[in-house]
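Just so you know, the sequences run in chain order U and E. With the numbering used here as the guide, the letters of the first sequence map in order to residues 13 to 135. With the numbering used here as the guide, the letters of the second sequence map in order to residues 4 to 495.
There could be a bad hint or two in this list.
List of simulated lysine-lysine pairs, DSS-like, C-alpha gap at most 27 Å [as the list claims (entries may be wrong)]:
#1 U:K133 / E:K370
#2 E:K110 / E:K364
#3 E:K108 / U:K133
Since the hints were derived computationally from the structure, they do not count as laboratory data.
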Amino acid sequence: MGPNLLSNYYETVAMILFGIGFTNLFLQQNLIKKVIGLNIMDGAAYLFLAAKGYIESAKAPIIVDGITDASLYINPIPSGLVLTGIVVSVSVTAVALALIQKLYREYGTLNLDEILTQSIKEG
Amino acid sequence: MPFVANFPFVCILITMASGVLCSILKGKKAFFVNVFVSFTCFILNLLLLLYLIKDPQEFTFMMGHYPAPWGNEITFGPFEVLMATVFSLVMGLISLSEKERVFEKIKHGKENLFYLLLNLMLSSTLALIFTNDLFTSYVFIEINTLCACGLVMAKETRKTIAATIKYLIMSLLGSGLFLVSIILIYDLTGHLLLPNVGEVLSQLIASGEYRLPITIILGLMSVGLAIKSALFPFHTWVPNAYNRAMNVSNSLSSSLVMKSYIVLLIKLFTRVIGLENLADLRVLNILFTFGIIAMIIGSIDALRDNNIKRILAYSSVAQIGYIYVAIGLGTTQGLVAAGFIILSHSLVKSMLFTACEGLMKVSDNSKFIIDLKGSAYRNKIAGIAFAIGGFTLIGFPMLSGFTGKYLLATAGILNSTKMWFVLIALAISTLLNALYFIRIITVIYTKSEQKTDYNNSNLYKIALSFLILVNLMIVPFQNTIISIIQSGIKIG
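Only chain U is shown next, with the shape it has when bound in the complex (with noise of 0.2 Å):
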C-alpha cells in the first residue's frame, strides 16, 4: 500500500484535500469557512480528475502542425468534466455567497450556530 500511494501521489494528495475540505463543509461554524471548505473538496475532485486524464510527456488535446495521433495528446475528457465541474461550483459558490451576505446583514453574524438559535427563538 505504501509505495502504491507514494507513486500515485496526485490521488492521494486530492483525497486528502477532499476529507479536509468536506470536514470544513460539515463541520465549520463560521459560514465563509465552510464556503471555503466546499471550495477545497470540489478543487481536490477536480485535481483527482486531471490526473487521471494526464499522459507524462504528452501534450494538451490541440492539434498542431496537422498532428494527429492520439498518442501524442493527453485524454481531453476528464479536462472537459473539469471544465463543467468547475462552472457548477462556481454557480454554487456564488448563490452559497449571496445568501451569507443576506444572512449577516439581517443577523450581523456569520456563526451557523447563532443565526440557527437566533431564528428558532423567532419562532
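We have chain U already, so just place chain E on it with the hints.
Just chain E now, with coordinates in the frame of chain U:
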C-alpha cells in the same frame, strides 16, 4: 426510432428554454408559460407512455446525433416515462393552484423569477430521470438543488434565508459525495455512460477484483443521494425549511426534488449494478436500517408536533423511509414497491400541501392545529382533499397508500432476514400515521363559531379537484401502473 421517442428530449429542451424566456417576461405571462410548458410535458410524456404500454422497450436518444463521448445521451423505458409524466402533471397542477398565493407573497416584479425557477426545476428533474450519463446527472443535481433553495427562500424573509442555508449546506455535502463517487467510477471503469459502466462493473464484480473500491464507490453514491433526499439522519433541515417556506415550494420539494434523486438512485441500481448483483450490495443494509428508523422516528416526531406544516414535513421524512426500506430489500419486488410509493406519495403530498394552504387561509394563516378548528367547513374542497390525503397516507383500503404499503409488505415477506423488521416497522408507522392524521382530520371537521364560507379562486378549485381525482384514480389503474413499473425495472 418512432417519432414519440423524441419527446423526452423535447420536454427537457422546452422547459429549459422557457426558463430562460421567463426572465424577460412579466409575472402573469411567465405563469402562463410555466403552466403551458408543464402540461405540454405531461401530454408528450403521456403519449410516449401509452406507446410504451403497448410495446415495452427502451430507447436511447443521442443528442445532436453524435455518439458519446462527443455527444450526450438520454435513455428511457416505461419506468422513467411514468415518473416524468407524474412529475410534470404535479408541477402543472401545483403551479395552477398556488398562483394567487405566489402573486401575493412574492415581491412585486419578481414573480417571473419564481416561474423561472419552477421551469428550471422541472427541466432538471426531467433531465435527472432521463439521463444516461453520470456526469450529466451531477450537473443537473446541482441545478435542481439551486432551484430548490431559490424556492425555499422565495419569500425573502430572514427566517426563510436561515432555513435555506442549512438546506444548501446539507445538499452540498450530498452532492460532494456523489461527485467523488462518479470520479472514482470513471477512474475504475473508464466510462461515464451507464450501460458501459454497468458492463465493466459486472465483469469486475464477477471476477472479484476491486471489491473494496466498488463497495466504497457505491456507498458514497448511495449515501450522497440519501443525504440529498433527506433520509434519516440527514433530515434535520426539513421541518424548519417546510415550516417557513411557502406551501408551493414544500409541495415541489417533497414531490419532485427529493423523489427525482431517488428515481436516479433506482436507475443507477438497475442499470449500473444490475438486479442480479443488487442483493449482494452491502450499502443496501445501511439504507434499509436508516429507512426503518426514519419510518418510525418521522411518525413519532409528527405525532409530537402541533404545527401542520411541520407534521407534513415529518410525514415526508417517514415516507422517504418507506421508499428506502423498499429499495434496501434489494429485490425487484422491493424496487417496484419503491417506484409505486414514489408515485403515490408525490401525488398525495402535493394535494396535502395544497389543501393545507386552503385550510390555513380560512384560519388567519395560522399553522397550529388548534386554530384550524372547523376549517374544513369554511373551505370545503380543501377539507375533503386533506381528509382523502390523510386517509391515503394512513393506508386506508381503496386508496393508493394502501397499495404502496401492501406492495412493501409483500416484498418484505420474500426476504427472510428482513421480513420481521419491515412488518413491525410498517405496523408501528401505520398506527402512528393514523394517530396524527385522524387527530388533524377530527379537528378540522369539528364545528366552530366562525362560519363564513370562503370563496376559493377558480384556479385553486380546478387544480385541487384534479389532484383529488388523480389520487382517487390511482387504485382503479394500479395494476397497469405496477406492470409499467415492473417492465421498466426489468428492462433497465
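Against the structure, the hints:
no., hint, in the structure
1, U:K133 / E:K370, "holds, 17 Å"
2, E:K110 / E:K364, "holds, 19 Å"
3, E:K108 / U:K133, "holds, 23 Å"
Checked against the numbered hints given earlier, the structure satisfies every one of them.
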